[in-house]
Amino acid sequence: MLSIRKLTKKENPLLEEHLLRVGGEDRVMRFMGGVNDDFIRAHCSLVGGPSSVVIGCFVDGTLRGASELWFEDDGDRRCELALSVEHDFQGQGIGTELLRRSLVLARNRNAKSIYIACLPENRKMRHLLRKFGRIVTRLDSGTLEAELALPARSHLSLWQEFAGDGIGMMDALVERITHTGASEHRAAA
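Under my numbering, the letters of the sequence shown match residues 598 to 786, in that order.
A couple of the hints might just be wrong.
Calculated cross-link-like contacts (lysine to aspartate or glutamate; reagent style DMTMM-like; alpha-carbon spacing at most 25 angstroms) [what the hints assert, rightly or not]:
# : residue 1 : residue 2
1 : 607       : 694
2 : 606       : 762
3 : 721       : 677
4 : 721       : 622
5 : 603       : 614
6 : 603       : 634
7 : 607       : 657
8 : 603       : 694
No lab work stands behind these hints: they were computed from the structure.
With the hints as extra help, turn the sequences into a complete structure.
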């Protein structure tokens, strides 16, 4: 079962476990360089404050992909986005759906744009951005960047987020019931 929903601050350990499972080249692509486990733990301790929102993709109850949105408080109303999908779950549309939902969420929080930076060799992110019609431009620092302009929120975008939240809550409940029922069945056996 696949479900996508926002994570609460109490679920930061799920994000940490997910990011710790992201290894090798995928970790380098996510963090734009090699980072160790302690860096990831420190990063996750910052998530869930008033300036960040995480949308997670759960596969059979385990977080396998995440979109982190970091909102700036200055007058630009810009949001920075970072995506991660575990290697064995790439190529299944998870990144596309996380980005689509992130655009709606940022729009509903009055962000004027989403900023994404990646390494030049991150072909997967560049492909994903092209799906949404965005051109990535090279920076002097050896990174690529894209800034996606967002329209103002609308009744439809608010409804899209609200409906997604409701479905995500129901999926989480079903996962909990299914997981609890399977655990009780194994214990009885």
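- Quick one, are residue 721 and residue 677 close enough, alpha carbons at most 25 angstroms? 18 angstroms, holds
- Query: Taking 25 angstroms as the top limit, are the C-alpha atoms of residue 603 and residue 634 close enough?
  - Reply: 24 angstroms, holds
- Does the alpha-carbon distance linking residue 721 and residue 622 stay inside the 25 angstroms limit? 12 angstroms, holds
- Sort out whether residue 614 lies within 25 angstroms of residue 603, counting only the CA atoms. Holds. Residue 603 to residue 614 sits at ~16 angstroms (cutoff 25 angstroms).
- If you draw a straight line from the CA of residue 607 to the CA of residue 694, is it 25 angstroms or shorter? 23 angstroms, holds
- Message: Does residue 694 sit within 25 angstroms of residue 603, going by the straight-line distance between their CA atoms?
- Response: Satisfied, since the Cα-Cα distance of roughly 13 angstroms is no more than 25 angstroms.
- Starting from residue 606, check that the Cα of residue 762 is at most 25 angstroms away, please. The given pair, whose Cα atoms are some 16 angstroms apart, holds under the 25 angstroms limit.
- Would you check the hint for residue 607 and residue 657, treating anything up to 25 angstroms between C-alpha atoms as holding? Judged against 25 angstroms, a Cα distance of about 20 angstroms means the pair holds.
Taken one by one, the earlier hints all hold for this structure without exception.
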